[in-house]
Amino acid sequence: MLAFTLKRFLQLIPVFIGATLLVYFLVFATPGDPISALSGGKPMTPAVESALRAQYNLDQPFWVQYGLYLKNLVTLDLGMSFSGQEVRDLLARAFPVTARLAVMALAIEAVFGIFFGVIAGMRKGKAFDSTVLILSLIVIAVPTFVLGFVLQFVVGVKLEWAKPTVSGGAGWGELILPAVVLGLVSFAYVLRLTRTSIIENKQADYVRTATAKGLSRGRVINVHILRNSLIPVVTFLGADLGSLMGGAIVTEGIFNVPGVGNLLYRAILKGETPTVVAVVGVLVIVFVLANLIVDMLYALLDPRIRYA
Amino acid sequence: MVQNSEPKPLLEIKDLAITFSTPDGPVNAVRNANLTVMPGETVAIVGESGSGKSTTALAAIGLLPSNGEVSAGQILFDGEDISKASEKRFVELRGNHIGMVPQDPMSNLNPVWKIGFQVKETLKANGLAGNNPKQRVAQVLADAGLPEPETRMNQYPHEFSGGMRQRALIAIGLACRPRLLIADEPTSALDVTVQQQILDHLDTMTSELGTAVLLITHDLGLAAERAEKVIVMYKGQVVESGPALELLRNPQHPYTKRLINSAPSLAAQRGDKHEMAVDEVVAEKSEPLLKVSNLTKVFDIRKGFGRKDKFTAVDKVSFEIPKGTTTAVVGESGSGKSTIAQMVLNLLDATSGDIVFDGQAIGKLSERELFKYRRRVQPIFQDPYGSLDPMYSIYRTIEEPLRIHGIGNQASREKKVKELLDQVSMPASTMHRFPNELSGGQRQRIAIARALALQPEMIVCDEAVSALDVLVQAQVLELLDELQRELGLTYLFITHDLAVVRQIADNVCVMEHGQLVEQGTVDEIFDNAKSDYTRNLLSAIPGASLI
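Protein chains in written order, with my numbering: chain Z, 929 to 1236; chain S, 1283 to 1829.
In case anyone wonders, no lab produced these hints; they're calculated from the structure. Think of the CB as a built atom: it goes at the ideal place given N, C-alpha and C, for glycine as much as any other residue. Please note that the accuracy of each hint is not assured.
[To be verified] Going by beta-carbon spacing under 10 Å, a handful of chain Z positions derived as facing chain S:
| hint | residue |
| --- | --- |
| 1 | Thr1137 |
| 2 | Ser1171 |
| 3 | Arg1194 |
| 4 | Ile1196 |
| 5 | Leu1225 |
[Said to hold, decoys possible] Below, computed lysine-lysine pairings styled on DSSO-like, alpha-carbon distance capped at 27 Å:
| hint | chain 1 | residue 1 | chain 2 | residue 2 |
| --- | --- | --- | --- | --- |
| 6 | S | Lys1396 | Z | Lys1130 |
| 7 | Z | Lys1054 | S | Lys1366 |
| 8 | S | Lys1370 | Z | Lys1054 |
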């Protein structure tokens, strides 16, 4: 297990380099000149322009630019944004906000998704099951920005249960509504996945044997059906943590959350390579770590899996 | 007033009918079933799959599938009608009044919980865990004949062999001292020798505890040997019932007669011989088609951190198969017989030794020669559910080898598929159907047709009939026999079931722990076995003492 974990950590290095290289190249290849965008399209003196280009290494060929970026990375220097702020500081401010948002969304979808999924699975074909299935399909089908605006309008503006937008501090309470919106689609997936898994497992021979032993129905469900059914759900949740962090762009936009998504969106518009690469790099690491945790949970849930 | 002179039945099933609601309308799985189990008595229900035997037994413990229900009749347990009992009442009854030992030890233990945990929760649920549940658990496992119970209870099911799992399941079934035990094919997934040990142990335990047993089995020989009373079910109805020996010696219903005739265990005891038309003189003269010499297979077992253990699955095995004959390789699971089959099929490389087919060593074949070899040697595997691609129509399944080997055009291939289906007695209309629409026996016929498509000279049957009911098994064996006579096929027949061997084989190789302990003709092995191991295997065939 230890060797396996170490190996996985070492795998982070090539994954990180590959991902940042790709992103670096994509931003590099994007049409549009970041320096003229910086000046808002107004003409600049050639001296100022070339000074700016030199400052951001934009006068160098691609490989040199990327090499310099990697070199600075070793000293944890992530570069500067066009507005003159350290990318490191920008990240340090935005990342905790998005992490908070994603963790809340994950908790919401896990708790409610599994809860309703179990009930639906145990009552397959009954009214509750059918209702939940249709509702979840609607949630999946409607785009997040529609759901987001509707909820913002109904809950935030009309009912005034929550503030429609988030303040600069982005505390836990303020983030509940955005977290619900962010987690809603995954909630529907978790629910359906749990339901299917439960339906499959409740027909397993060992479940019948457990019942034949004289166990109560509750114990059969909790001890014998649920644990076995959670294995695919856990995989989904782990992979989803990464998507939630990266996919928060729309939600953060709607509720004006000062998170990573917002930061990334603005940086892409400006062609601000250091910021884009740094944000994506961090997201890649989060994604890989989340998958590592999933693999470990896997071994915890299913004793037949051993890593060597 | 209850009269003391006449003992009251423990379980009485009266005019029972069970109906399943399916998308195609209600299906009557059981009709008018009647049976009585007295306290301490063992009663066997015999029948083929789909006869309603398991359904009847499951109704008695309230475990019918959710689409099934008792539509008429009564199930009286100790005088109380439980056919419509609530779930709550069943939770009270299960475990300490009615226990169950299920069929398949591989799928009936929850893979994610330790064995000890699964026994302990049984005791707890029935209030029998006592002050020292660990000790109780160890005791219960020891009673079921599991060695080293203190260590074993901390292991997971996947660390157990099939026989050990079945012992754990017996421990669970009997942990709470039920008065009635429902044993649903408790040993059909196990080797004959393990089967015998487990059934002996079950007999001892139930007679010590005075437990009545309702034994479900498809093997009439086994039923007659283990039960005082036998009930024969066919298509949801009880067709015959009575004391075991009487029923066996004097069957009334035609179905019972057929069952007795085709039960391999009984046939083997009678010494029934297939009438194979292989001219023995010719067989002796002919060159061996397959010659295996000093065949060895060593597996590396990973132990983590790059350490490896060696495991010798097949150890210096030599035998020959004359053209047009059948050689059976028998042994318990883990004896290396399937490994031999895989090496002969060239699906696995031998560590050392030679396999020579028709004068050619198959270990040294080039890719192209191997392709030709595959055409001459074809497999039929055990599980007809698993070895046919569910997404392929029957036509595509049988036609695929022809297409891969570039034989004929579309029209001639279609004609060939029809011929092949005819050869295995399936209608040509089967072509357009899919495996899930066919029964186990029909699927195995398709597997045979697929194997025959390339007109091979040798067929390797790896437990080809083990998953089938006795009647279907008899039909498939007959078909293989006919094909051998018509086409001069050579069979390498891998099986754990010695009873089947007597029906089909000319020569027998007996394997134990990777070694060939004995080989000879069928008659030599059955009538004059030299090694103790072979004699043990032979005496473990159920029904040995009956005829």
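Earlier hints that do not hold, by number: 2, 3, 4, 5
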